[in-house]
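Construct the complete structure from the given sequences, taking the supplied hints into account.
This is what each chain is made of:
2 protein chains.
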Amino acid sequence: MPQKISSPSFFIGKGDDSLISFGSGQPDLPPPKGAYSILKHYKAFKYGLIQGEENLRSSLAREYPNAKPEHFVITNGASEALDLVLRVLSRPGGRILLPRPYYYSYPHNVLYAGMRPAYYDLDKNGKIDFEIFKKAVQGCRAVIINSPSNPTGTVQEIATLKKIERLCGTLGVYVISDEVYKDLIYVRKNYLIQGEKVVTVNSFSKTYAMCGFRVGYLYSKNIEVIEKVIEMKTHTSMNTSIVGQAMALEAMKSPRSYIAHHVKIWEERRDMIYGGMHDLGLELWKPEGAFYVLPKLKNPNRVVNDLYYKYKMIAYDGTWFGAPDRVRFSYALDISKIKEGLRRLKTFFGGEYKKY
Amino acid sequence: MPQKISSPSFFIGKGDDSLISFGSGQPDLPPPKGAYSILKHYKAFKYGLIQGEENLRSSLAREYPNAKPEHFVITNGASEALDLVLRVLSRPGGRILLPRPYYYSYPHNVLYAGMRPAYYDLDKNGKIDFEIFKKAVQGCRAVIINSPSNPTGTVQEIATLKKIERLCGTLGVYVISDEVYKDLIYVRKNYLIQGEKVVTVNSFSKTYAMCGFRVGYLYSKNIEVIEKVIEMKTHTSMNTSIVGQAMALEAMKSPRSYIAHHVKIWEERRDMIYGGMHDLGLELWKPEGAFYVLPKLKNPNRVVNDLYYKYKMIAYDGTWFGAPDRVRFSYALDISKIKEGLRRLKTFFGGEYKKY
Chain E
12 MPQKISSPSF
22 FIGKGDDSLI
32 SFGSGQPDLP
42 PPKGAYSILK
52 HYKAFKYGLI
62 QGEENLRSSL
72 AREYPNAKPE
82 HFVITNGASE
92 ALDLVLRVLS
102 RPGGRILLPR
112 PYYYSYPHNV
122 LYAGMRPAYY
132 DLDKNGKIDF
142 EIFKKAVQGC
152 RAVIINSPSN
162 PTGTVQEIAT
172 LKKIERLCGT
182 LGVYVISDEV
192 YKDLIYVRKN
202 YLIQGEKVVT
212 VNSFSKTYAM
222 CGFRVGYLYS
232 KNIEVIEKVI
242 EMKTHTSMNT
252 SIVGQAMALE
262 AMKSPRSYIA
272 HHVKIWEERR
282 DMIYGGMHDL
292 GLELWKPEGA
302 FYVLPKLKNP
312 NRVVNDLYYK
322 YKMIAYDGTW
332 FGAPDRVRFS
342 YALDISKIKE
352 GLRRLKTFFG
362 GEYKKY
Chain R
12 MPQKISSPSF
22 FIGKGDDSLI
32 SFGSGQPDLP
42 PPKGAYSILK
52 HYKAFKYGLI
62 QGEENLRSSL
72 AREYPNAKPE
82 HFVITNGASE
92 ALDLVLRVLS
102 RPGGRILLPR
112 PYYYSYPHNV
122 LYAGMRPAYY
132 DLDKNGKIDF
142 EIFKKAVQGC
152 RAVIINSPSN
162 PTGTVQEIAT
172 LKKIERLCGT
182 LGVYVISDEV
192 YKDLIYVRKN
202 YLIQGEKVVT
212 VNSFSKTYAM
222 CGFRVGYLYS
232 KNIEVIEKVI
242 EMKTHTSMNT
252 SIVGQAMALE
262 AMKSPRSYIA
272 HHVKIWEERR
282 DMIYGGMHDL
292 GLELWKPEGA
302 FYVLPKLKNP
312 NRVVNDLYYK
322 YKMIAYDGTW
332 FGAPDRVRFS
342 YALDISKIKE
352 GLRRLKTFFG
362 GEYKKY
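Respectively, the protein sequence lines represent chains E and R.
The numbers in the first sequence follow our numbering, run straight up by one, and end at 367.
The numbers in the second sequence follow our numbering, run straight up by one, and end at 367.
All copies of an identical chain are treated as equivalent in the list; a pair is satisfied when it fits inside any one copy or across any two copies.
With a straight-line Cα cutoff of 30 Å, these simulated DSS-like cross-link-like pairs (lysine-lysine) come out:
1) Lys321 with Lys57
2) Lys264 with Lys44
3) Lys54 with Lys44
4) Lys173 with Lys297
5) Lys366 with Lys323
6) Lys323 with Lys57
7) Lys15 with Lys232
8) Lys54 with Lys264
9) Lys348 with Lys54
10) Lys135 with Lys200
11) Lys264 with Lys57
No lab work stands behind these hints: they were computed from the structure.
What follows is the structure, encoded as structure tokens:
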């Protein structure tokens, strides 16, 4: 009897060629060539600044309005940025408001930081209902906003985000804005959430396909938070990999066409998987950003197990993301594989799934 | 009026040529050439295993007795290893026993993990007095052992370490053994602390001069701890930089002569600075490992300020390491600079210091 699948980590390292993975959320397209160009003659080895290399922070500052290098801390991916900011904001009994469905690490990060997650549900369109948010946010220490969202693929309305900025500003609630998919939006430009108590979490992983190098950052005009993060990082990991930072700097020098070209590819894949699932009769949101679909399905854990053991397909149980009636499919893979995956799904829905 | 120096971070980024830095503890000699050889054709970019690359863990397993790849987790330097293990061992009100003088991050790491540091003093030779240790360890959740020690430069007696192994085993107290200087010992081979509740923290930073790449690891036969660390790292930073790990693997392939050659250089420098300071009449321990001397000095903060502002020398206030009557000098620098530093110190002791 096969092992029952209980978390995304089950799939780590499982990747033979006949397997089609709609699992892990990482670009399959390579980073800009420039990122590798610096490696040939790379010779540095000493500690870097805990805050991150000055040249990389200067380059980032040019991408944000009225930003300065001192507003950034370079981190081991967005994960460490999130971990550090939650830890420095930690208060005994503090509650952190999360949208549901949520990125599956959020509740863990909140608990690891010694606080408690609180939740509100996105509406039937995968959007924030401001009235519901308004009630839920009262008394919270901070709120995590994730637009575009992993796993929903939705992008929040600018009007809503502005209302959240104002409300949290008035209440003195910190906004941690996870914008790691800011460059992968199909419907509009990214809206940067701003404010005195706003901390933006971002990464080079998705924009420049550099997941494995673990270079992310946080950005805030709140110097007190920045300084506390640097102080903590001094003791918990020191500088982020100097070679990873050098690669990230070179990646940022690539022409905007690198990103535009990728978005076009993502959009084709999005159309393929969304159209295909829609034709199979599934109820799902049309992705506006990122690279995930989250169709409604009965008994998602059984679906995930059947797909893996009977159809050699990896998909993630929505339960892991706070969506116990859905399954997440990442479409970060070649269009031919998406097609084959849809074919297998059709067989599955015509067969096993009918008996659920 | 110059800014008063209050922590090691004051010196970060301060490094003009006339300045002699006995500050930061990092090798000035370069990593093995092999570490860079893989960069030329490096093309990977995807997420790696959270636990660390299998080939690197296999290579490490060959260096430890009866070890297997699954006993290791590759981390963002020893700092992250320490942070993660303290966080997974965290209990409300838990006390972590630290030697004094201690590595300056330890108390911070303990507090960040939601526990409290407890201290015992090393004896007048910079060694652990087992009877004192025995009393202090009662009721503690874990103890951190650091041999060779930063900042004392001392290596603990094997007989004492064996007694600590036995006592902690009996008491059920975890031993976190920070052995990052294990390959830089002048007096004997390293003694690996072992046991069911032992977690060894180590790094490629000192042995292979790879500080900036931030590749460290923890090693334990306690699979429960290993699994909890992996689970936490999944959410707090994911895999350690894949390119850093590839470089570390190549570094491990260098001949043992790389390390032996370096130890010889360190020993010459040790003799130079220890002899020089001894001749200046300072009271200090002769380093048995690592690359620090910690002479007794009145008013260490004033010493550090005077040396920096009047003599263009960086040294660290012992207070930052729990030694308020000492100053730490790292001798990770060229012998000509050590000589010049000793010359400046002689002038300082003949001048300003007399008026303290």
